[in-house]
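Kindly produce the complete structure, drawing on both the sequences and the hints.
Number of protein chains: 4
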Amino acid sequence: MTHSRTVELEGHIIDSGTMQRCFGAVMDLGGSFDVERFDVGKHETEESHCRLTVSADDPETLRDILHELHQNGAVLEDPSEVELVAAPADRVVPPNFYSTTNHPTEVLYDGEWIDVERIEMDCALVVDPEPGADAGEGARAYTKTLNAVKEGDLVATDQSGIRVNPPERPRRGGGAFGFMQGGVSAERPSESTIREVAEELRAVKDEGGDVMVVAGPAVIHSGAGDALADLVAAGYVDALSAGNGFATHDLERSIYGTSLGMNVETLEHPRKGHKHHIWTISEIIRVGGIEAAVAEGIVTEGVMYECVENDVDTVLAGSVRDDGPLPDTITDAVEAQDAIREQAHEADLVIMLATLLHSVAVGNCLPSTTKTVCVDIDPATVTQLLDRGSAQAIGMVTDIGTFVPTLAEFVLEGDDA
Amino acid sequence: MTHSRTVELEGHIIDSGTMQRCFGAVMDLGGSFDVERFDVGKHETEESHCRLTVSADDPETLRDILHELHQNGAVLEDPSEVELVAAPADRVVPPNFYSTTNHPTEVLYDGEWIDVERIEMDCALVVDPEPGADAGEGARAYTKTLNAVKEGDLVATDQSGIRVNPPERPRRGGGAFGFMQGGVSAERPSESTIREVAEELRAVKDEGGDVMVVAGPAVIHSGAGDALADLVAAGYVDALSAGNGFATHDLERSIYGTSLGMNVETLEHPRKGHKHHIWTISEIIRVGGIEAAVAEGIVTEGVMYECVENDVDTVLAGSVRDDGPLPDTITDAVEAQDAIREQAHEADLVIMLATLLHSVAVGNCLPSTTKTVCVDIDPATVTQLLDRGSAQAIGMVTDIGTFVPTLAEFVLEGDDA
Amino acid sequence: MTHSRTVELEGHIIDSGTMQRCFGAVMDLGGSFDVERFDVGKHETEESHCRLTVSADDPETLRDILHELHQNGAVLEDPSEVELVAAPADRVVPPNFYSTTNHPTEVLYDGEWIDVERIEMDCALVVDPEPGADAGEGARAYTKTLNAVKEGDLVATDQSGIRVNPPERPRRGGGAFGFMQGGVSAERPSESTIREVAEELRAVKDEGGDVMVVAGPAVIHSGAGDALADLVAAGYVDALSAGNGFATHDLERSIYGTSLGMNVETLEHPRKGHKHHIWTISEIIRVGGIEAAVAEGIVTEGVMYECVENDVDTVLAGSVRDDGPLPDTITDAVEAQDAIREQAHEADLVIMLATLLHSVAVGNCLPSTTKTVCVDIDPATVTQLLDRGSAQAIGMVTDIGTFVPTLAEFVLEGDDA
Amino acid sequence: MTHSRTVELEGHIIDSGTMQRCFGAVMDLGGSFDVERFDVGKHETEESHCRLTVSADDPETLRDILHELHQNGAVLEDPSEVELVAAPADRVVPPNFYSTTNHPTEVLYDGEWIDVERIEMDCALVVDPEPGADAGEGARAYTKTLNAVKEGDLVATDQSGIRVNPPERPRRGGGAFGFMQGGVSAERPSESTIREVAEELRAVKDEGGDVMVVAGPAVIHSGAGDALADLVAAGYVDALSAGNGFATHDLERSIYGTSLGMNVETLEHPRKGHKHHIWTISEIIRVGGIEAAVAEGIVTEGVMYECVENDVDTVLAGSVRDDGPLPDTITDAVEAQDAIREQAHEADLVIMLATLLHSVAVGNCLPSTTKTVCVDIDPATVTQLLDRGSAQAIGMVTDIGTFVPTLAEFVLEGDDA
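Chains as they are written, first to last, in UniProt numbering: chain A, 1 to 417; chain B, 1 to 417; chain C, 1 to 417; chain D, 1 to 417.
Hints in this document: simulated from the structure, not taken from any laboratory. No experiment lies behind these values; they were computed from the predicted model shown. Among the hints, a few may not be true.
Same chains, same label: a pair holds when it works inside one copy or across any pair of copies.
[Unchecked claim] Only pairs whose alpha carbons sit at most 30 Å apart, straight line, appear in this in silico DSBU-like list of lysine-lysine:
1) LYS205 - LYS371
2) LYS205 - LYS42
3) LYS144 - LYS371
4) LYS150 - LYS275
5) LYS275 - LYS371
6) LYS275 - LYS144
7) LYS150 - LYS42
Here it is, written out as structure tokens:
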């Protein structure tokens, strides 16, 4: 027996690749389709509309197909309301709970399509029918990580009554920011690409947007710390997300003039230098933290110094490979994720510098609409980060030690002009 | 003033991504389009048909857009005959000569669409109106590298009268062979993927197809030489394309039991061993070549031995980093390319093992319809090879030293069954 | 004015590279040396002895030189007792505290050289004069991480009275285990090297030693989970150190038959599969943990299952990129490090499989005398791990998806024999 | 029965690692040693001297040990004259011919130690007793590749009468140029290291030395072509060794403003651009070569243009992956090697930029005393090049697209000062 359902898609569904993915999904999963209607936008600015009946030999296959189409933005012809089930206990979601994508999403609740807030992938979708004192406000919907689910939360199950809106290909260009492109090539002109990033950074700030920098220890080793500190001092960084290692290397530079024992200007490697790392941590523990160390004049320059001086929202997330750690480091992973999540949801542009661990952590919390720049010397890292699915991303396989100074130069020369 | 032309596309143009690429190209290049007609295949087996008018503000932009659409299979509404210009001298092509893609191509000559033979990218397209004694045969068309063009050859210019047929997405599955997928992931189950390659290899041979292996020296260093020799001995390899280094390492193993001086079984590194390499070359020069060395019993096992014994079509292409070289090595790059080209055009399945240089050389000569398997430990190499554009390719980031033995085991266990 | 001190070195100080490093350090740091006496071992089994006076123009340089020589095993001619200072507060060490190396170390306390226990680098060195009820026992010395230091702990400062014993080059062979070799070459025969690892693994178990496996999620993605589970089931793994991702992928395989949604045997990619990951976590949270899931029959195979069934000491350390996490995951980094430290100090052989983060965490806790095997497809990862300084290490750049099955085959075929 | 020989070593044999390697080799190969005498240089400027008797159970082992010691600079106690055998035919060397290292070497001929000229590894060593008309000149010795050996050449066999002089560790510093260091770390401050390379480049030119640049196509793709052209124009490059691809990309930029079709300044990718590559080659063929294209005003800027204008010694070596090739490309590998060899023997500093193939070709011809700088984004490439064994090398894992502009800036700002 054949099982069928009819779905609808609309938007720039041809050139955004939506139709290709939908047709492909049906065939890959062993179903078949009949195109009921296909109104192709006559012009590049007109949207297309498609009504499609998909069929499969068994209900499971049909469900899998519908799931895939759903994720590409298809909605059932006659959508029903979102199905909500109360969470039976803290951190426990109902079976078959709806797990979110990172695309803008709506739920059909009480006859209306409500925007889901705080979009983030792999979360539960919770509807709050009465979100508070403001009686007139109506229901709200938002994502919750498994950890944050509370007993009684109304959690969406299945996918009915949920509409996903994947980003569409911009009608015009997009410069260095590619649309949903997976591959990463080292074969791009480096300085021109950095100039585009610089322009984007300035543009975001000009529009009052928030810039978040995610930085790994290599930024300091490679001698790029001063340039990043300059960007912070000039107000181009609103949030910094890093780890214990990054902060320690940066503080070591201010206290001892070395990074992991190497003088990054003279290249001299004071043999005793590899103890500077652990001594730096000990020194910061002694005074009680980075702010105290700045206040007491122990730390007088560098990225962490500028973050303190410029009130940059800073999160240092701990990891099992940390030495110390510094008192400022959040050692609990869940607590650290929550802090990162707050930063990520504020950001309009995220610049990921030479850290896979922290970049993935940040990327996990980002909606697909946030612009991201990923820079690493390892192409596998850049590929992995781009695969997370920002619709507007620049990936650069380059040397962080020349990237940051060049970026700072391009950004700051604009200030002089 | 607006300049416009109307083109037509047909086939599985939605799910093969053709429409997406065409619409994208028009917008990227600053033109606009009007869809005159779009008949969408109602069912996954029905082809679609689209008639599209593209416009631009100036004739140059229009030409660029038409060029791009052309490469995606679009033809002008009323195609004119191919434009042919005689080459003014050997190796000199007319200005604005048509440079081929690697997709199946036809030319409209004397009122008929003729298939272009020996498809290969970045070549001139030559039409031979009277290809020989066989009067009844009619005109033929084929590709010629710049080097091979002779004075008087009728070379196609512009793109009118030329139709490109990019491969379409297979209607069903495709197993491990992905359709036009650029990205490469190390995150695939290794042994299962190798099993699929083994099945494909057996299938190609069962159908009487030709298998070409492209191998780098790492195959021998990594201890995989015996396994490759077993595949050759069992008749699974019809052509071998390699370099002087591969052959020398393999011959060294047979003569001295080492590869670059290391015993690949005991891992002992006879200190004197690094001289074995140059002594091996000297020994082969002395007897006059590899066949002679086999005949005289100097070489008694290994890949080169089995290739001689099993009449495998072998090409050793020289490079500037070669020691020696062996007398069998073709030191002239153009001559070597021609030899590789002959092999490549025969192949139904090409397996590229741990060599970027030789794989690119082979890839340059392949039509997009030849199945290829690319194996390398460096993801950048695999990505670069897949980017060359085979429509059916498997890329594996894995260790050649375990890949080849596992492949041989899977292929040959089928023989026992 | 010239400042000088005389130090002594003994052991196989020429062929272990000690003298080369010491002479180099003096020259690099701008000092000079006079060899007072150098008795070279006449035969390869005889130790050498060297008395050396080093000089520098200022006391700081001399101190830096002495520090460097100290770390290579030099002791002052007339060593004084270790200098101990009480820690002023919890987690606060005295200024100029001695930061440990990962080499076996002794302290001169109360006229006797005492072995330092729990050797680990970048720690404080604490002496406990009266370690407990057992009056006859005498003083003990051990390392403490900064975090673990308690107010009043007697912490060693400076380096006087401390003797470091770097590992010496083994007199014979060492097989695949190189002595202090930093570089990594992919140009080694893969299967032969794996066979050596297998033999070492069996040898360690035959001698009653402990084997610790550190595993990343790629072990499961790559289809190697079954082989690792087989090794666990056969009793070859005493401790497993991994992360939330590894465990989740493994549990997903048992529950859904997929890893990140891909069936690792058939390579089929159920489109809905990428939800399996988050559903798996939700399921384990529901029942309360992995052991409960095994007990209730929800998880019936795989690495985690075998670890539960075989009482393998398992640590799952959390990180900021985790989904969930599972209830078994230790989310606090310091707590997780302490758990890893216990495992690491027990281990006689550590096998690091495709995870940089967890391998570094484990490596940080290891003395330089523990044998380690590092396997990753990324040469940069292997290099970084070998640089941590095990004296006996094998680094392999290979595919974890073929490495583990081949290793298991080689190890287990020994059981049948 | 025990077989023994006595050898002598002298120089800075401890801190250059010579003794460590020699003792290690004896033990690895299963021999034993007795130190007859060991005079250790008392001070860092004094040389040491060692007389050593090595023994083995069989003559083969002893020979292998002696070979290894020989390569580290050991000479037999009573060295005999070099053993010469006439080559029986062109390209055929006598059995057991001596294959050279890349270290400075002498031969004992007619009672005198003669320097071997044109030092290069894996060559035959030929002595010419009467090197020409200049009767008073005495015998000369030089290396010859197997290919260049002529019938009757007096070729050294065995290693008696041959003394190798491996480079010694410099007494002081060495800056960024490491001594014989194999490993490569990305963890170095990028801009400071580039500044050191710039200073070295200026120093070599100030001393009248020759600078050779080896460049891959990525130099042009990455937008670094202008900076390299500036260095050529300013007279900092004496020789350029590259391939057909590099030259074509550079010429394409001059003719079409694109590299492989991409505008490296605006990042625009004219869709038709990928035809520029093949059109460029066709254009150069038409006019007869690069010099002609410059003379006719077709090529007016770029690296190749500056090389023509500044009479830089340029070699374009062909390879099997070339398109075209250009008429200037030497397609025969042996002929190309000979041309590269001439360049390499002249060079005092070699800078290798993002090409493995050409860098290995050049490295093969270099004595161990030539300073080299290797720059690539792939750590495996840098490692492989450093392993070739220059005694003074800098390896940088960085982005060629930012490296060359930064280098040019640092070098040329010195000109203004």
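Here's how the hints hold up against the structure:
With identical chains, the CA atoms of LYS205 and LYS371 are at most 30 Å apart within one copy only, with a shortest distance of 13 Å there and 46 Å across copies. In this assembly of identical chains, the alpha carbons of LYS205 and LYS42 never lie at most 30 Å apart, being 37 Å within a copy and 48 Å across copies at closest. For a Cα distance limit of 30 Å, the shortest separation of LYS144 from LYS371 inside one copy, 22 Å, qualifies, whereas the shortest one across copies, 44 Å, does not. In this assembly of identical chains, the alpha carbons of LYS150 and LYS275 lie at most 30 Å apart only when taken from different copies (21 Å versus 46 Å within one copy).
For the homomeric pair LYS275 and LYS371, the shortest alpha-carbon distance between copies (25 Å) is at most 30 Å, but the shortest distance inside one copy (39 Å) is not. Proximity of LYS275 and LYS144 under a CA criterion of 30 Å is satisfied inter-copy only: 15 Å between copies versus 43 Å inside one chain copy. When the C-alpha separation of LYS150 and LYS42 is checked against a cutoff of 30 Å, the pair qualifies neither within a copy, at 49 Å, nor between copies, at 47 Å.
Comparing the model with each earlier hint shows violations of hints 2, 7; every other hint is respected.
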